[in-house]
Amino acid sequence: MMKITIITGGMGSLYRSEEMASCQLFLQAEAAYACVSELGELGLVQFRDLNPDVNAFQRKFVNEVRRCEEMERKLRFLEKEIRKDEIPMLDTGDNPDAPAPREMIDLEATFEKLENEMKEVNANAEALKRNYLDLTELKHILRKTQTFFDEAMSDQGMTEESIVLLGEEAVKTSGQPLRLGFVAGVILRERIPPFERMLWRACRGNVFLRQTEILTPLEDPVTGDRVHKSVFIIFFQGDQLKSRVKKICEGFRATLYPCPETQAERREMSLGVTTRIEDLNTILSQTQDHRHRVLVAAAKDIKVWFIKVRKIKAVYHTLNMLNLDVTQKCLISECWCPIRDLEKIQMALRRGTERSGGSVPSILNRMETKEQPPTYNCTNKFTKVFQDIVDSYGVAGYREVNPAPFTIVSFPFLFSLMFGDAGHGTLMLLAAIAMVVFEKRILRQKSDNEIWNMFFDGRYIILLMGAFSLYAGLMYNDIFSKSINIFGSVWHPTSGEFSAEIIKTHKDLTLDPTNDTDYRGVPYPFGMDPAWQLSLNKIKWLNSFKMKISIIFGVGQMFFGVVLSLQNHRFFKDSISIFCEFLPQVIFLTCIFGYLIVLILHKWIAIDATDAGCAPSLLIGLINMFLLNYPEEPCSSRVPPGQKGLQSFLLILIILCVPWLLVLKPYILKRRYQATQQKSSSRLGTSTEDGKSAEDAIDGAIQDDSHGQYEEELNLLEIVVHQCIHTIEYCLGCISHTASYLRLWALSLAHAELSEVLWNMVFRVALKVDGYLGVISIYILFTPWACLTIAILLLMEALSAFLHTLRLHWIEFQSKFYKGDGYLFDPFSFDKIIESRADEV
Amino acid sequence: MNSLNFNIDFGYLEGLVRGFKSGIVKQADYLNLMQCETLDDLKLHLQSTDYGNFLSNEPSPLQVSIIDDKIREKLVIEFEHMRTQSVVPLSTFLDYITYGYMIDNIVLLITGTLHQHTISELIPKCHPLGSFEQMEALSIASTLLELYNAVLVDTPLAPYFIDCISEQDIDELNIEIIRNTLYRAYLEDFYKFCQTLGSTTADYMSEVLAFEADRRAITITINSFGTELTKDDRATLFPRCGKLFPEGHSALVRADDYEHVRAVAEFYSEYRILFEESGNNPTEKTLEDKFFEHEVMLMKKAFLEQFHFGIFYAYVKLKEQENRNIVWIAECVAQRHQTRIDGYIPIF
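So the protein sequences, as listed, match chains W and A.
Throughout the first sequence, residue numbering follows this note's numbering, covering -3 to 837 in sequence.
Throughout the second sequence, residue numbering follows this note's numbering, covering 63 to 410 in sequence.
Incorrect hints may have been included.
What the hints assert, rightly or not - Computed footprint of chain W on chain A, listed as stretches where at least three residues anywhere in the stretch have a Cβ under 8 Å from a Cβ of chain W:
| id | stretch |
| --- | --- |
| 1 | 122 to 134 |
| 2 | 253 to 263 |
| 3 | 286 to 300 |
Claimed, not checked - Here are the computed lysine-lysine pairs in the DSS-like style, where the Cα-Cα straight-line distance is at most 27 Å:
| id | chain 1 | residue 1 | chain 2 | residue 2 |
| --- | --- | --- | --- | --- |
| 4 | W | 76 | A | 347 |
| 5 | W | 56 | A | 88 |
| 6 | A | 88 | A | 352 |
| 7 | A | 187 | W | 243 |
| 8 | W | 296 | W | 500 |
| 9 | W | 296 | W | 442 |
| 10 | W | 242 | A | 187 |
| 11 | W | 115 | A | 132 |
| 12 | A | 379 | A | 88 |
| 13 | W | 109 | W | 243 |
| 14 | A | 187 | A | 254 |
| 15 | W | 366 | W | 569 |
| 16 | A | 132 | W | 80 |
| 17 | A | 136 | W | 80 |
| 18 | A | 363 | A | 347 |
| 19 | W | 76 | A | 136 |
| 20 | W | 815 | W | 569 |
The hints are simulated quantities; they were obtained by calculation from the structure and are not laboratory data.
In this text, all values refer to a predicted model and were calculated from it rather than measured experimentally.
Beta carbons are placed, not taken as given, at the ideal position from N, Cα and C, and that holds for glycine.
Take the sequences, apply the hints, and build the full model.
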């Protein structure tokens, strides 16, 4: 709603940036918070930091900011927990006002309570889970060790108490069965190999390790990750080894469990463990339920809480930028705001004061400043993308002519010259229309896909590019590299001297445009004649045409750019620049390339097929004009009599323009400076005669002058250097930029050729096959043709054409008038703050 | 590894480390940090540096140890990233950097177990860059031979350990000897490895490691006064890759007090300055600080040249210095010890 009023309200607001005022705001201490929060909702005021030298932690409201950060931390903690349980967070799109400072305490209390509750639940759950883990591990140990013992028994037929590692030998040597001790435990699976190695080394091979994997992954109680573990059992002899083994187990963070020695005890223990696990399970699920309930309740509000806290923080952050009045009763701020919206800002301030119940109104005071104000261009969803294109090159200076409104037309137009294919244009147009029509639905989905978002943000420019390409394609009569014959071609091979037989037997025939029967004598009414699509010299003809078109449009755009510089000079009342820059620039451009265009138009109009042999060569002609070289040629008689004189005159003008552009401006500035210099020195002279207050005057004058003089002199050198660069850049630039516009032709040629190659090499193969086989081959070959068309011609070619258009605008067009040395208006706005935070998350 | 092909394998990481380097806390930030009154102020200000929100999830009140851990954690994350992205020989080079920390960790654990601390108490104190998987089982060893055979034989430190294997039990003096023997072997090995890399890396690293070796030699000598360490033993601890080797070493072996050491350093211009400017008065900087300053100066030099590995080493060392600085300031803030707060060593 706001945006619409801006468009209708301010005529030409895109042409120049908004008028800005530097204002001073006096806010009553008790109303400051409410006022700033109202301004934040409005988003039209850019505060200037009045305490840039003060550290972040020495500012006035640092405690409040810190409290907000603490709240944010708690909220983040809650959010993390909510995410862990995969509870959907409700985004109602609510946008609550920044709560009053006293509500902050309530919020803090709520968060504190929630966090503590959460922590308590977590601690409980962790303890329970640890218990649970221990029991499950024990269960596994009992089960697995059972198999170890079973194997051992079946192997040797011994009781488990007398399992002998060294087998019969040991029994023999010692004379009695060895009693082996053992420990059993659980260890992380990836630690098994080093564990085994270390055991072997530390105990010199005197232990026996059996291990087996626990198949189901277990949950780590602290991190909640699933980890794979293994059960191991180590047999050893003697207490010394036992302590050593235990130390190693501790070192590898293995958990040891008591394991009874007899089978009966083990079985009994196993039963006990199982029942305890079941009990624990019920308790665990109850804890989980409780946790879930708490989190679900929190999930409902968390988005709103986040917004509230961020708003409070933003307000205090802004308040930190303000200055405190000596009386401590009011806060002073300096800010930029658009003059057109002063009314709204006043209203917001009044609302803020009312809300806080203050009696003294807040005062908004305009003040004078020498600083350059920020650039603020109101855009809507349509113009935004074009403004962004301009801004990414450089932000316009304050009230400088903004190229964006012209870009809206010229950008898609130049693009279409390169992308001229009605088929591809239609596809692009349809895609853009789809994005525009389903705009709201897509916006609501908030996609994270960067590439998609890029396309979507540029939907309006794509829309225009598609439409213009469609038109350019019709002009080129080029649809997927084919032409359509709507009005009937003006070339007629059959009715002339070629009999039907000759046409059938000959592959190539030459049609003579001078022959009335071959050529109807009037051009095809709209765009290119379809006959060219079939002709052998199609490329030659199209090249000549497209090159000339490129030059005409290119020079036109550059000329327009120079005219815009006149608008800037007039607006900033810079009459020197009009006479010393704009005028020579226009003359320079017109004399070379304006004249070239005249020659092109002359060639198109005045020369027809009958005297094609005498058509002047434009390039050679232009070069000869500079060389003052007019060689005798067979067609020289056709050259208009005044041409030589005219060209010499133009040449003299061109040459004159260079020193004009180079010298005049610095010279005038120097003269002016000297004049002021003299004036001030004479003033100095007169004031000394007065005698009385002479001393003060001198002092003041000297101070003034020494300051000003230094600056002037410095500037003079700078001006000369700047003018030098400017002149060289402009004169060489005109020539190289004109050549640069030939990319319009080159890209267009490349596009047309590529699409023709694709048609001929892929799809035409299918069309050549006859009969039912043909149907099948069309069916098969259509897919690759369509895919390649979309991938190469629509995406890649469009990207390349887009980039070239971008370059033509940034360099060739904008260099003629655009300084782009401003900075963006960055208002304090809640919407922006919340949006950017949402991106971060 | 010449300048022509360097970027193929290591260009990304070099760029990355240069980016990291520009995030090192500047002098202006230190000046601001020094004005902090509480650790929360410190946290607030650190947010405006490259550390960003690294403390934002820590509840108040903060402790210095938490800040220390978090700073270290950040370095470790960066280092691990670089290590995983790197290929030979850079990966080997980065591994070499970690060996120094491994030695410190081993010594820390042995000392800790000697003093009857449990391993689980000690593990959090170890530097994460120097952790290895057998580390926690260190306590099983009671003699050096056992330590070698059971624990260290699998680690990359094993070859360094050869020199100090003996059947002796581990005691305090022993540990210091172990540390210094290991470090000597490590430095010499690292030095040799850097020489094989050639070009700028070798040039730069030999300078840096020579300084490191000389610093150790001087420090060992100074610390050995009044202990049981014999002069011959002392000689075996000096890393032999510094500028002091061999003449300086033989002079240091003969030294009996601080003045002797100082006299030895007289012959080496860069160390003479350090000795001249240091002192034990509260207003003067200690020799240790001067060494650190000199180190910082050397490390900053690494970034003046391109296409070498020295910057990775330098970055880790500079980050460590930054860590020490911030912790120093944090300690001073926490203990309200404002007079000594400027005892940090500025980097940029």
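Here is what the structure says about each hint:
no., hint, verdict
1, 122 to 134, "violated (count 1)"
2, 253 to 263, "violated (count 0)"
3, 286 to 300, "violated (count 0)"
4, W/76 - A/347, "violated, 47 Å"
5, W/56 - A/88, "holds, 25 Å"
6, A/88 - A/352, "holds, 19 Å"
7, A/187 - W/243, "holds, 20 Å"
8, W/296 - W/500, "violated, 80 Å"
9, W/296 - W/442, "holds, 20 Å"
10, W/242 - A/187, "holds, 23 Å"
11, W/115 - A/132, "holds, 22 Å"
12, A/379 - A/88, "holds, 16 Å"
13, W/109 - W/243, "violated, 43 Å"
14, A/187 - A/254, "violated, 31 Å"
15, W/366 - W/569, "holds, 17 Å"
16, A/132 - W/80, "holds, 24 Å"
17, A/136 - W/80, "holds, 24 Å"
18, A/363 - A/347, "holds, 22 Å"
19, W/76 - A/136, "holds, 21 Å"
20, W/815 - W/569, "holds, 16 Å"
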